[in-house]
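Since the structure of chain A is already known, use the hints to place chain B with the ligand on it.
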Amino acid sequence: MGNQGRILAIGPTDNTSDQRTPRQRLRLIPEEARSSFVPVVPARYATTPHEWDMTRTAPDRPRADGVPIEVTGRVRTASGRPVAGALLEVWSANHYGRYRHIEDHSGLQLDENHLGLGRVLTDDEGCYRFWAISPGAYLARPDIGRWRPKHIHMSLSGGSSRLITQMYFPGEPNNATDPMAILMGDAFERNIGRPREVGTADVVQAFDFDIVVGGRNATFFE
Amino acid sequence: MTDPASNLLPATNEDTCGPYFPIFFADPGLEDLTKFDPGVVGQAAGTSLVLRGRVLDRHGELANGVVMEFWQANANGVYRTPATEGHADIDPWFHGYGRLRSATGAYEFRTILPGAAEGRAPNITITIFSDGINRVVTQMFFDNQPGNEADPLLLAVGDDAPKLIARHDGRTSSGAEVYVFDIVMAGDGETPFFDDLES
Ligand SMILES: [Fe+2]
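Chains A and B supply the protein sequences, listed in that same order.
The first sequence begins at 1 in our numbering and counts up by one.
The second sequence begins at 1001 in our numbering and counts up by one.
Calculated directly from the structure, the hints in this document are not laboratory data.
The C-beta atom is built at its ideal place from N, Cα and C for all residues, glycine as well.
Mixed in with the good hints, there may be bad ones.
To be verified - Over 12 Å on every C-beta distance to chain A, these chain B residues come out as not near it, computed from the model:
#, residue
1, A1045
2, R1052
3, R1058
4, P1082
5, D1089
6, S1130
7, P1146
8, E1149
9, D1160
10, R1167
11, P1192
Unchecked claim - Over the 10 Å line for every Cβ pair with chain B, so calculated as not near, a few chain A residues:
#, residue
12, Q24
13, L139
14, T165
15, N175
Unchecked claim - Quick look at which bits of chain B chain A covers, simulated, 3 or more residues with Cβ under 8 Å:
#, region
16, 1009-1020
17, 1113-1125
18, 1181-1189
Next comes chain A alone, as it looks inside the complex (with noise of 0.2 Å):
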């Protein structure tokens, strides 16, 4: 354990990043106040049953354009303990890289097949699964041509573990420019999801994306 805390980088060519990180370094938390600092989520959430399918934004509508792609994966923590019964929160672009959210205003088409919105609980194991359209790049800045590259954005939460985070794409052309990625360094591989063989002829790409929630506050209560 380290005896200072860290002092938090700041991604390049992001400009929220510049005005929201903090500049003085993290303070340490004294070992009498550092139970309070695991909130516990309340397993009290619910999804609907066809949200883990978010390549139609209902069972009775059309498949949305572009490419389907099934994700799944298992959710650990870094000692290895499935989080099972979680709530996985899933969001990503459209295949034209615009989210449905009243505050994109990127001016990128919409297309009325998709929602881009879905949640899903882990399993016993803590394996889950959703289905997706392949999202979008994006032109993140376009004053310097700076795209964000495909991702997927997931929150998890369940009991003390607690991440959000997004997964990429591998080989895609953006990934080595995008600001998150960069900080991130060797261990932006660890939020590539990786291809597999497709099971089922209803999608066309299938990623395994293992979820490894780390840090003492997921493992507290163990």
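Relative to the frame of chain A, chain B with the ligand by itself:
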């Protein structure tokens, strides 16, 4: 001796939640912890309060699109965790975890005044997610609470302690005490944030 760290799986990197955390995922039951769920008879014990404030960036501008999570003890000072399951002082109508997304960066969260946990002053742990940053955490206290002067976390931050103390607004709103707490993400007046990986 073997290094226990070597047995650990490499963690997935945290990443920014970006600007578009879905409003669709909002849960009204997590934005007001005084009530249990709409239409259900069930009320958290304790003094109702409204916590209001702004999340500000390095230029003093509101940090739009922030996701805030709250974690606190019940009115008896007991956290609802696996370790306190069956504890006599658990409030069945209070779990202590809140979450909201603010479009503008100004927020309002309804909860109850937490009791003092052993050796601590009443406090609320706040986690912030936003575009441009990964998860950051801090802890908020209440002005004029007995125990503030001896709280180990407030003592640890020294002269910065006032930046962690919410002030009573001097009024009530629908019977709830109003407290104000601004969070400065970076720069002048920066709020102290804590490292739960290295601590
Ligand atoms: Fe995104």
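Results of checking the hints against the structure:
no.: 1; hint: A1045; verdict: holds, 17 Å
no.: 2; hint: R1052; verdict: holds, 20 Å
no.: 3; hint: R1058; verdict: violated, 5 Å
no.: 4; hint: P1082; verdict: violated, 4 Å
no.: 5; hint: D1089; verdict: holds, 16 Å
no.: 6; hint: S1130; verdict: violated, 6 Å
no.: 7; hint: P1146; verdict: holds, 17 Å
no.: 8; hint: E1149; verdict: holds, 15 Å
no.: 9; hint: D1160; verdict: violated, 8 Å
no.: 10; hint: R1167; verdict: holds, 21 Å
no.: 11; hint: P1192; verdict: violated, 5 Å
no.: 12; hint: Q24; verdict: violated, 6 Å
no.: 13; hint: L139; verdict: holds, 14 Å
no.: 14; hint: T165; verdict: violated, 4 Å
no.: 15; hint: N175; verdict: holds, 13 Å
no.: 16; hint: 1009-1020; verdict: holds (count 12)
no.: 17; hint: 1113-1125; verdict: holds (count 5)
no.: 18; hint: 1181-1189; verdict: holds (count 3)
Checked against the numbered hints given earlier, this structure breaks hints 3, 4, 6, 9, 11, 12 and 14; the rest are met.
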